[in-house]
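Residue numbers (numbering that gives the first Met the number 0), protein chains in the order written: chain A, 0 to 136; chain B, 0 to 296.
Hints listed in this document are in silico derivations from the structure and should not be mistaken for laboratory results.
Keep in mind that a hint or two might mislead.
As the list claims (entries may be wrong) - Below 30 Å or equal to it, Euclidean Cα-Cα: the simulated DSS-like pairs (lysine-lysine) are:
id, chain 1, residue 1, chain 2, residue 2
1, B, K229, A, K54
2, A, K89, A, K10
3, A, K21, B, K229
4, A, K126, A, K89
5, B, K28, A, K10
What the hints assert, rightly or not - Stretch by stretch, here's where chain B covers chain A in the computed footprint (C-beta under 8 Å, at least three residues):
id, segment
6, 38 to 47
7, 61 to 69
To be verified - To give a feel for the contact side, a few chain B residues facing chain A, derived at Cβ under 10 Å:
id, residue
8, I189
9, T217
10, A220
11, A283
Note that the Cβ used here is the ideal one computed from N, Cα and C, for glycine as well.
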Amino acid sequence: MILQINFKSGKPVYLQVVDQIKAAAASGALRPGEALPSIRPLAEELRVNRNTVAKAYSELESLGVIETLPGKGCFLKENHSPLRKEVRRKLLTEEIDQAIVMAHHLQVPGPEFLELIQERMDVLDDKRRANEEQKED
Amino acid sequence: MNSPTPVIQIENLAYAYGRAEAVHDLTLKVQPGRCYGLFGRNGAGKTTTMKCLLNLLSPQRGQVRVFGLDPAKAEVTVKRRLAYVPDQVAFYPWMSVRETLDYLASFRERWNQKTEQELLDHFRLDPFKRTGALSKGQRTQLALLTAICPEPDLLVLDEPTSGLDPIVRREFVETVIGAYQEGNPGNRTIFVSTHLITEFEGLIDEFTIIDQGHSVLTLDADQARERFQKIRARFAQSPPELDLQAALHVRRNGRELELIVNGSGPELVERLRQHNPEALSTEALTLEEIFVATLKS
Numbered sequence: 000m001i002l003q004i005n006f007k008s009g010k011p012v013y014l015q016v017v018d019q020i021k022a023a024a025a026s027g028a029l030r031p032g033e034a035l036p037s038i039r040p041l042a043e044e045l046r047v048n049r050n051t052v053a054k055a056y057s058e059l060e061s062l063g064v065i066e067t068l069p070g071k072g073c074f075l076k077e078n079h080s081p082l083r084k085e086v087r088r089k090l091l092t093e094e095i096d097q098a099i100v101m102a103h104h105l106q107v108p109g110p111e112f113l114e115l116i117q118e119r120m121d122v123l124d125d126k127r128r129a130n131e132e133q134k135e136d
Numbered sequence: 000m001n002s003p004t005p006v007i008q009i010e011n012l013a014y015a016y017g018r019a020e021a022v023h024d025l026t027l028k029v030q031p032g033r034c035y036g037l038f039g040r041n042g043a044g045k046t047t048t049m050k051c052l053l054n055l056l057s058p059q060r061g062q063v064r065v066f067g068l069d070p071a072k073a074e075v076t077v078k079r080r081l082a083y084v085p086d087q088v089a090f091y092p093w094m095s096v097r098e099t100l101d102y103l104a105s106f107r108e109r110w111n112q113k114t115e116q117e118l119l120d121h122f123r124l125d126p127f128k129r130t131g132a133l134s135k136g137q138r139t140q141l142a143l144l145t146a147i148c149p150e151p152d153l154l155v156l157d158e159p160t161s162g163l164d165p166i167v168r169r170e171f172v173e174t175v176i177g178a179y180q181e182g183n184p185g186n187r188t189i190f191v192s193t194h195l196i197t198e199f200e201g202l203i204d205e206f207t208i209i210d211q212g213h214s215v216l217t218l219d220a221d222q223a224r225e226r227f228q229k230i231r232a233r234f235a236q237s238p239p240e241l242d243l244q245a246a247l248h249v250r251r252n253g254r255e256l257e258l259i260v261n262g263s264g265p266e267l268v269e270r271l272r273q274h275n276p277e278a279l280s281t282e283a284l285t286l287e288e289i290f291v292a293t294l295k296s
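Could you build the full structure based on these sequences and the hints that come with them?
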């Protein structure tokens, strides 16, 4: 898993770390039980404040994406969100609504938008399958 | 909840060399554990500000507090808890690196031997070499090493990387992130003045831009990158006549329009969109671009 910070995205740096680790977990680039880089080397590598990485990790921990084992480091958890189903649905709905608004402004009609979602899900599935196969080799 | 005592508190600071005013009415506050950038061009008043913090100069107006104390009255207490890397590093040239380290360590309550060895190895500094024979980059590395080993609560860096090659500059920043921030991270505070902003981009939590002694802008780094945007639009015909007062900077080139904005980005994007541009994009400005945009407008 290689993280990349883009200062031109306008997104807070710690959130970029959070989102990229979430994406790596979703695509299988990072597997449950696998260790995340520890804070210091990651901060040095990305050349960002140590506290920024620490903030990202504590955010991931509160989201239930990773867990910290004292003295051992941070690990990706099995996919068990600590949130109730309706809360999870609500959080996702907010994100979808934003994407719908954006689609409207970019003049992407509904059916094309749905097709695009399917397409992106397929891409993620492919990535995950590729990562699975690598694991078996 | 009581807010912790700021590590640095500068209020209405003014300092003049004769009639030349170097710092005019500067106010800023640095909370524990933060990395605070003081950005300005050469001669903007950065070094004067730092010297007032270190009691190398006495404020002519206003006041400075370090760890809540007056650095003039509690000089020893304050200096015990901080370390300073100036832009021009000087050691006794006849002393070896080893002797210099021992000499400087003798003034300190704490000296982390493990960090010392780790950094000597990392920088590949020869302990037997005389400091007079070190290159500028090596002298800066030695200065950084002697600033980090006492494990100070506050690290004051004044233009630490100017005049160094890019590799040494990168290593410098990595060392600050790694070796300095590692122990007790919540309390390791950094106050850095620089005009080489790109290097420190990821480290900076908050910054003040000063120009000719005046504070021009103080912002949280993430907020700054969210507020300052570059908007590019291309139209089928020449760009529509719009009221672009809100933009800091406007560039027109044929059918293209480029705006630099501070905070009014979404609203301007919406207005541009109503004129059906062929292409429309926005990106955040880096801290260095924000610095340039702020001082040009």
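To see whether the hints hold, each was checked on the structure:
Taking the CA atoms of B/K229 and A/K54, the gap is about 28 Å. The hint holds against a cut of 30 Å. Distance hint between A/K89 and A/K10 is fulfilled; the C-alpha atoms sit about 22 Å from each other, no more than 30 Å. For the proposed pair A/K21 and B/K229, the alpha carbon gap of about 28 Å is at most 30 Å, so the pair holds. For a cut-off of 30 Å, the pair hint linking A/K126 to A/K89 stands: about 27 Å separates their Cα positions.
Note on B/K28 and A/K10: the hinted pairing holds, with a Cα-Cα distance of about 25 Å set against a maximum of 30 Å. Check result for the segment 38 to 47 of chain A against chain B: holds, 7 residues qualifying (beta carbon to beta carbon below 8 Å, three or more required). Chain B is given as covering the segment 61 to 69 of chain A, and this is violated because 0 residues of the stretch bring a CB closer than 8 Å to a CB of that chain, at least three being needed. The interface hint given for B/I189 holds, since its Cβ lies 9 Å from the closest Cβ of chain A, which is under the 10 Å cut-off.
Hint status for B/T217 relative to chain A: violated, with the closest Cβ pair at about 18 Å, above 10 Å. The closest approach between the C-beta of B/A220 and any C-beta of chain A is roughly 8 Å, which is under the 10 Å cut-off, so the hint is satisfied. A distance limit of 10 Å between C-beta atoms decides the matter here; for B/A283 the minimum to chain A is near 3 Å, and the interface restraint holds.
Violated hints, in rising order: 7 and 9; the structure is consistent with all others.
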